[in-house]
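Undergrad: In order, the protein sequence lines correspond to chains X and H. Counting with the working numbering, you get residues 1 to 190 for the letters of the first sequence. Counting with the working numbering, you get residues 191 to 337 for the letters of the second sequence.
Treat the hints as calculated values from the structure; they're not laboratory data. Owing to the predicted nature of the structure, the values given are computational and were not obtained by experimental measurement. Note that CB positions come from ideal geometry on N, CA and C, so glycine has one too. Mixed in with the good hints, there may be bad ones.
Partial chain H-side listing against chain X, Cβ under 7 Å, derived [said to hold, decoys possible]: (1) Gly219; (2) Val231; (3) Arg296; (4) Ile303; (5) Leu305.
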Amino acid sequence: MGFDLTQILDYSLIAMLLAVGFAVVRMRNLFAAVMLTGVYSLLSAAWFVSLDAVDVAFTEAAVGAGISTVLMLGAMLLTAREAEPGGATRHWMALVMVTAAGAALFFAIPDMPVYGDAMSIANSYVGYEYMVQTPEDIAVPNVVTAVLSSYRGYDTMGETTVIFTAALSVMLLLGLGSKRSRKKDGEDKA
Amino acid sequence: MSPHLILRVVSKLLIPMIVVFALYVQFHGDFGPGGGFQAGVVTAVAVILYALIFGLDAAKAAVPPSVAQAGAALGVFIFVGVGFATLFLGANFLDYDVLHPNYEHRSGQHYGILLVELGVLSTVSSVMLVIFYAFASRVPDIKDEEW
Numbered sequence: 001m002g003f004d005l006t007q008i009l010d011y012s013l014i015a016m017l018l019a020v021g022f023a024v025v026r027m028r029n030l031f032a033a034v035m036l037t038g039v040y041s042l043l044s045a046a047w048f049v050s051l052d053a054v055d056v057a058f059t060e061a062a063v064g065a066g067i068s069t070v071l072m073l074g075a076m077l078l079t080a081r082e083a084e085p086g087g088a089t090r091h092w093m094a095l096v097m098v099t100a101a102g103a104a105l106f107f108a109i110p111d112m113p114v115y116g117d118a119m120s121i122a123n124s125y126v127g128y129e130y131m132v133q134t135p136e137d138i139a140v141p142n143v144v145t146a147v148l149s150s151y152r153g154y155d156t157m158g159e160t161t162v163i164f165t166a167a168l169s170v171m172l173l174l175g176l177g178s179k180r181s182r183k184k185d186g187e188d189k190a
Numbered sequence: 191m192s193p194h195l196i197l198r199v200v201s202k203l204l205i206p207m208i209v210v211f212a213l214y215v216q217f218h219g220d221f222g223p224g225g226g227f228q229a230g231v232v233t234a235v236a237v238i239l240y241a242l243i244f245g246l247d248a249a250k251a252a253v254p255p256s257v258a259q260a261g262a263a264l265g266v267f268i269f270v271g272v273g274f275a276t277l278f279l280g281a282n283f284l285d286y287d288v289l290h291p292n293y294e295h296r297s298g299q300h301y302g303i304l305l306v307e308l309g310v311l312s313t314v315s316s317v318m319l320v321i322f323y324a325f326a327s328r329v330p331d332i333k334d335e336e337w
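From just these sequences and the hints, can you work out the full model?
TA: Structure below.
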């Protein structure tokens with residue numbers, strides 16, 4: 001069994017992800033917890049790079065470690081700095097549910113394709129076609145861009161609309177972001 | 191002497207570079223990792239960093255919330271507009287080949303991807319800003335002792 005350096009890197013990154021995940025759960029200081037979720041995203045991004053998914057890694061680093069950390073900080077400023085200490089009661093039912101769900105996931109692992117399997121479903125039919133056809137049909141070197149913008153342009157249009165809808169919902173819920181300046185104008189006039 | 195002098199100087203140096211990097215990610219998306227979504231997020235991060243260091247009001251003066259709101263809608267409009275343009279030129283929805291007569295070099299595809307990615311850039315960067323403005327407008331600025 002070959003144990004190359006990339007594999008060691010993968011396993012140590014996963015181990016760090018686990019450690020950070022437990023630390024986030026145990027953490028009472030919300031500021032530290034938010035920063036640790038940023039660390040979690042950065043570690044996942046490093047792991048995605050190691051898995052050759054650079055586009056996904058880029059998005060994870062920018063969105064997970066960048067934007068969502070800032071948004072979580074903004075949300076945290078609206079509430080307390082420390083989490084309420086958890087109750088002493090043990091939720092046995094929750095433990096049973098989590099264990100059952102975890103066991104089901106482990107049961108499903110053998111059905112997953114082997115990592116890097118060239119004959120896996122994702123790499124065979126339409127994925128293989130995209131890899132072969134992109135230089136011919138689209139003539140851009142990055143197949144991810146070709147799939148996202150051209151082959152599946154309709155999906156990307158839907159995603160753009162989803163993001164737009166997210167902003168719309170936030171604006172409807174939290175106001176248009178001009179609340180404070182309006183208040184200040186009112187104070188100036190008074 | 192203003193507080194956070196080092197932060198201010200460093201971020202003043204960094205923000206232009208972040209924007210240039212975002213443009214690189216945007217226009218290099220055909221060749222390397224990246225594209226409209228990532229570039230949009232990086233652009234928004236530049237403005238958010240500005241807001242964090244120089245205050246929300248300075249950021250709102252630089253990029254007003256109304257501009258961000260319009261940009262979010264404009265991006266979707268560009269994307270759907272490209273789709274309808276191809277439709278009216280006689281091809282399928284979002285079939286970019288008809289956008290340019292030079293089929294030999296797939297120029298239509300390149301133009302279509304460029305336009306569509308510009309739409310994604312506009313929507314994503316504006317949406318991230320709109321959400322940030324909406325959250326940040328509700329909280330007082332971070333107090334100095336909490337840095």
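Undergrad: Next step is simple, just say for each hint if it's right about the structure.
TA: Hint-by-hint comparison with the structure:
1. Gly219: With a closest approach of 5 Å, the Gly219(H) hint holds.
2. Val231: 4 Å, holds
3. Arg296: 4 Å, holds
4. Ile303: Given a least distance of 4 Å, the restraint on Ile303(H) holds.
5. Leu305: 9 Å, violated
Consistency note: the structure conflicts with earlier hint 5 alone.
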